[in-house]
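K.L.:
As a plain string of letters, each chain reads:
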Amino acid sequence: MNQFQYVRPSKPKAAIDARAKDQNSQFIAGGTNLLDLMKRGVMNPERLIDISRLPLDKLERENNTFRIGSMALNATVADDKQVLEKLPLLAQALNAGASAQLRNMATIGGNMLQRTRCPYFYDTALPCNKREPGSGCGALEGYNRMHAIFGFSDKCIAVHPSDMSVALVALDATVLVSGPKGDRRIPFGELHRLPGDMPQKDTTLEPGELITAVEVPEGPFTKNVHYLKVRERASYAFALVSVAAALQLENNIIKDARLAMGGVAHKPWRLTEAEKSLVGKPATEATFQAAAAIAMQGAKAFKHNAYKLKLGPNAIVQALKNATNVA
Amino acid sequence: MADSTPDSKPENPECGHNATRRQFLKQSSVLTALAFTPGPVVQAAAAEWDEKIAAPFEKVGLKLAVNGKNYKLSVEPRVTLLDLLREQLHLTGTKKGCDYGQCGACTVHVDGKRVNSCLALAVMQDGREITTIEGLAKGDDLHPMQEAFIKHDGFQCGYCTPGQIMSAVACIREGKADSEGEIREFMSGNICRCGAYPNIVAAIQEVKTGGQKV
Amino acid sequence: MNEQPLFKDGVVGDRMNRVDGRLKVTGAAQYSAEYQLPGLVHGFLVGSTIAKGRIKSIDTKAAERAPGVLAVITHVNSIKVPGFANRSQPDEPPTAGQPLRVFHDEKILFNDQPIAIVVADTLERARYAAGLVKTQYEADQHATNFNAHMDRAKVPAQAKKNPKSPQADHDRGQVDGYKTAPVKLEMEYVIPTEMHNPMELQSIIAHWEAPDKLTVYDKVQAVKGTQRAFAKDWGIPEQNVKVIATFVGGAFGNGLHNWPHETAAIIAAKTVNRPVKLVLTREQMFTMVGYRPYTWQRIGIGATPDGKLVGITHEATGQTSTYEDFTESTVQQTRMMYQSPNISTRYRILPLDISTPIWMRGPGEATGAFALESAMDELAHALNLDPMEFRLRNYTDTDPDNGKPWSTKYLKECYQMGAERIGWKNRQMQPGTNKQGDWLVGYGMGVGTFGANRGSAKAGARMLANGTVVLQSATTDIGPGTGTVMVQLAADALGMPPEKVRFELGNSLFPDAPSQGGSATVNTVGSAVVAACAALKEKLYQLAGSTFSAAKPADIVIKGTQLSLANNASAKVAYADLIKQNNGQEVAVVTESKPGNERQKYSMYSFSVHFVEVHVHQLTGEVRVKKMVACADAGTIVNHKTAGNQMLGGAVGGIGMALTEGAMIDDRFGRYVTKDLADYHVPVHADAPAIEVAFVDKPDLIVDPMGTKGIGEIAIIGAAPAIANAVFNATGKRIRELPITPDKLI
Ligand SMILES: Cc1cc2nc3c(=O)[nH]c(=O)nc-3n(C[C@H](O)[C@H](O)[C@H](O)COP(=O)(O)OP(=O)(O)OC[C@H]3O[C@@H](n4cnc5c(N)ncnc54)[C@H](O)[C@@H]3O)c2cc1C
Ligand code: SF4
Ligand code: FES
Ligand code: FES
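Chains as they are written, first to last, in this note's numbering: chain A, 1 to 327; chain B, 1 to 214; chain C, 1 to 746.
It should be emphasised that the hints constitute simulated quantities derived from the structure, not laboratory data.
With a straight-line cut-off of 25 Å between C-alpha atoms, the simulated DMTMM-like cross-links for lysine to aspartate or glutamate are:
| hint | chain 1 | residue 1 | chain 2 | residue 2 |
| --- | --- | --- | --- | --- |
| 1 | A | Lys-86 | B | Glu-174 |
| 2 | A | Lys-39 | B | Asp-126 |
| 3 | A | Lys-81 | B | Glu-182 |
| 4 | C | Lys-626 | B | Asp-178 |
| 5 | B | Lys-138 | C | Glu-499 |
| 6 | B | Lys-176 | A | Asp-57 |
| 7 | A | Lys-300 | C | Asp-667 |
| 8 | A | Lys-310 | C | Glu-737 |
| 9 | A | Lys-81 | B | Glu-174 |
| 10 | C | Lys-744 | A | Glu-141 |
| 11 | C | Lys-425 | C | Glu-389 |
| 12 | C | Lys-184 | C | Glu-737 |
| 13 | C | Lys-107 | C | Glu-64 |
| 14 | A | Lys-303 | C | Glu-737 |
| 15 | C | Lys-80 | C | Glu-64 |
The structure displayed is predicted, hence computed values, not measured ones.
If we strip away everything but chain A, and leave its shape as in the complex, we get (with noise of 0.2 Å):
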């Protein structure tokens, strides 16, 4: 790991201000990612700007709106009764993610900012478009299991790892920032970016943008959701493919449905017309599987992913199934 310098501003304008100034400047809430990827020499920021003790770890609920601190930890939100009780989804997909110690580091800002999992980006001997722009992506002709079927570029294939963002972009949460040219909502879903020409650029924020809060919409998904993660042991991994599901049932018919997976693409993969395709139907496999035929429209794979093209739909169905106990 390269030397840097360390900071601790007591104000988010303060942290702003030192971030817009030094482009070789990273903010660093639990850590989690940024320090794995400094160790690796993926990530080489010479100024670290901690903000993990600014005030920004409040959980407020306000007008039928989660107003969720960006400090706010994984695990704190994952425990909260009332997020327990009025999005079990969102606290199901963060208790999907790392480990119980992690989750107690990790927070709600960093878990949607950390970068992909691809061991093409990890490995700084190997090349890659994200890490190093131009050098060519690993994955696209080489092991690319867990890359992405939507979505991607012949610059690059990787996927988003992020398990809570699935459940947010579901929930049609939006995310608070505040930068140096002020105060912005970005809609969740247009948080992260696709690779495009530039893979090198994770997400829609400006330099100097922090990510202050995320506010979550308290919706009628307080009982049929449900967070699937297929992995490839049982507990603490990446997924292969997740989906995160939500129905609003009224005499088993479905009244509303919201539908995303992860592990798809560089971006929780919301699904529209599949959420649309299942409204006014009755909650039966039937129903779930056309809608993940659905989901799966456009949907392209790689030499060792096209797993995920059969284990996409059978994860939405499943998912749908445990959110409605259909057997």
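Keeping the supplied structure of chain A fixed, place chains B and C with the ligands upon it in accordance with the hints.
P.N.:
Quick look at chains B and C with the ligands alone, frame taken from chain A:
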């Protein structure tokens, strides 16, 4: 309690050091640093304005309580809590199994919460209370979890054990040890390659159902 | 043959807590990297980024200038290791050939080969400076893809030389006789490269106490072997090399070879003339300290319609490096496991531009059992026979390979115990028919065997003035509980309470013992300990002179510091008097214990069987092992607690082997792309179900006087195929390439 400053590593007078310092200073615009409310670095930077501040830039003051003992330290910001414990405070009970948050061997309690000390910068723990495996027993009296691990043979090589025990204690405190299944899920951040898992779970269950205070 | 086990009452067999338990649960146990030495500095290795070729130039200037750096050592400036000049290994397993000579020349033989070590005053500085070393290469075309280079597979050198070698082609009866069977199958099986990945990173502190006196605190399984290797390398007397491995944080075989990083640290320590600590990174654990080799296997198997085997042909090709021939016993068990008139086995190795493999728990036998036990299951299915019944029909009461009787074999008992405990009767003959909700339920079994290979070892025993007996032997304890069971054995052999006995290990200056490997520590070192205890009593007896002369040494009873006789309590002598008799010295002995000629008369093996119940999700393909029963015929169980734990660990290892583990190389670069514990999945708590352990616990007094056979390897052998067979029973899908990940089942 007496402050101790165990860190007294000899500075290496190698040439080239200064060149690096200069470069370092150039990169880290001190002016920017001064704009913040005082962090340890900024205080040092404010005091002087030449190359002498390179040392404070390379090392940062830090206060920690480890197992009830107060330390006043000076560390490079890149030193992790794990390496600080092991290499500088010689508290080697906390283990390094991966250095990347992937195994749990380095689990300690920071202000009562279990964390992976390998992914925690020491400077970021300023002012906090750390408990390591060495601080769990009360003198000669082992913590009930330590007793249970011995009784149920919750280890083989013993390398993951301090992390397992610190995690297990937290697992019960968090209320995540109500069933075998729950214990397994919430202990999954602690890998035991020797595979003593069933015995570890048995130890945790015994402490949990025994109702002793953990 | 002695019909009675050595110990009738006493602590052998007890569930005694580990003698080092307290040290382990308090963090006080010291592992290799945890010794504080004055002036200690830190090393960090730089690895190559190509798989084959030469270093054209290596620029270390920036690294040398970095703060705190004391030395940057490469092949350009490294001091010469005397033993490197004409170092070569005899053609012996595991590794005939030329172990990598670190920093010796500019040749690159595998990706991430150590090419430089940076030494600095702190770990952070060493690590940072290592990143500043810049290397130019001249790359050659490398070969890392196993399948693409199968044509390079070769007969191991030792087999070429000696057709009787266990690695040589072997035929019994008709060559490929299975082909004549009415019912026959041919299948290929693959296991990927698996990594030992012990939780402790490989670590060493190297300290030259004098120019010809080396001490290393090293994570090894063989302190004596390491001592000999380093003495030879540096041209110094063996006794000048002290190897300390008091606690070893798991190894599973990767401490059975000496690796380049160890010598790198020793070179560095000599160069900077200070103790150097070197701890590998987790990535380096994948490239520098061995692995279970990628292995392709083919089985042809045939039987009569009523389930009598006609023949088995078992071929295997295992990967090795280009510079060392690593071989293991992948196909041997096929010669002795089942009764079959025709057996053919062929074993090859395939050199690739990858580092050298090394035995990993259960080694070749575990690899081979995956093929053999899967094939038995496949044939049972083809014959519409219960797989346990099929195995029973081909059970053998003598070793079919050589006609010798077994020293003991209680495998049938294992079958019974296991079948009952798992609920084998719930197994459906028709795969895919047992459903619970969204899950398919299946049962499977797999058999394991491993030679009871007692070797020779020495142990020392010393009675301290306070009446405590201290035993020493240069073995190690990588986790099985060696220290604990040795105390139990010694306590019973001496007739003393275990609290009055201490056992010390992990030091090359102790009496000679072999490496801790091949499940042979208890039978080998245990025999030496028992012999040392007897010798100690003998010596006490002699020193006591006329007091005890009416009795035998074995009748001596030691109580505190008083010695008396079992049958005559009035014959007493104070130990202090015996010390006087002994020129003021505490009484001490060193004894060697060797196997006799029993191997000529008997075949000696441990046996195990794993039974599992798995649930496979119909839609997601996830496999959950719901229950596992591990049964073993391992002779006398000295400590049911630690032995049971071994079985648990092996079973969990089997879950990893079957379901989660496999290291992937990107062949374009010849470089691993799954090389940490997030990408290479070892089982976690949530993967490990309830596991029941059952031992036959009958002594084998032919193998050794305690009746032990060995546990560590059979604990895993057979576990992976048991799971694969259960997955087949659940789903009707036969997965012949491990690991069985969800994608293979949907
Ligand atoms: C072994 C392991 C397993 C894991 N498994 C999972 C998993 O299964 N599922 C999952 O979802 N995650 C997983 N994670 C990832 C983990 O969730 C993230 O590392 C964590 O959420 C990041 O949060 P942090 O606060 O530590 O971020 P940091 O590491 O502090 O920051 C990450 C990035 O975000 C930036 N940043 C942080 N906060 C802000 C902010 N408020 N505004 C602007 N920028 C900011 C930082 O500059 C940095 O670039 C795993 C991690 C590890 C190490
Ligand atoms: S997929 Fe993206 S992150 Fe991975 S190697 Fe290609 S460019 Fe890099
Ligand atoms: S060393 Fe920290 S999690 Fe492995
Ligand atoms: S006891 Fe060895 S890793 Fe857990």
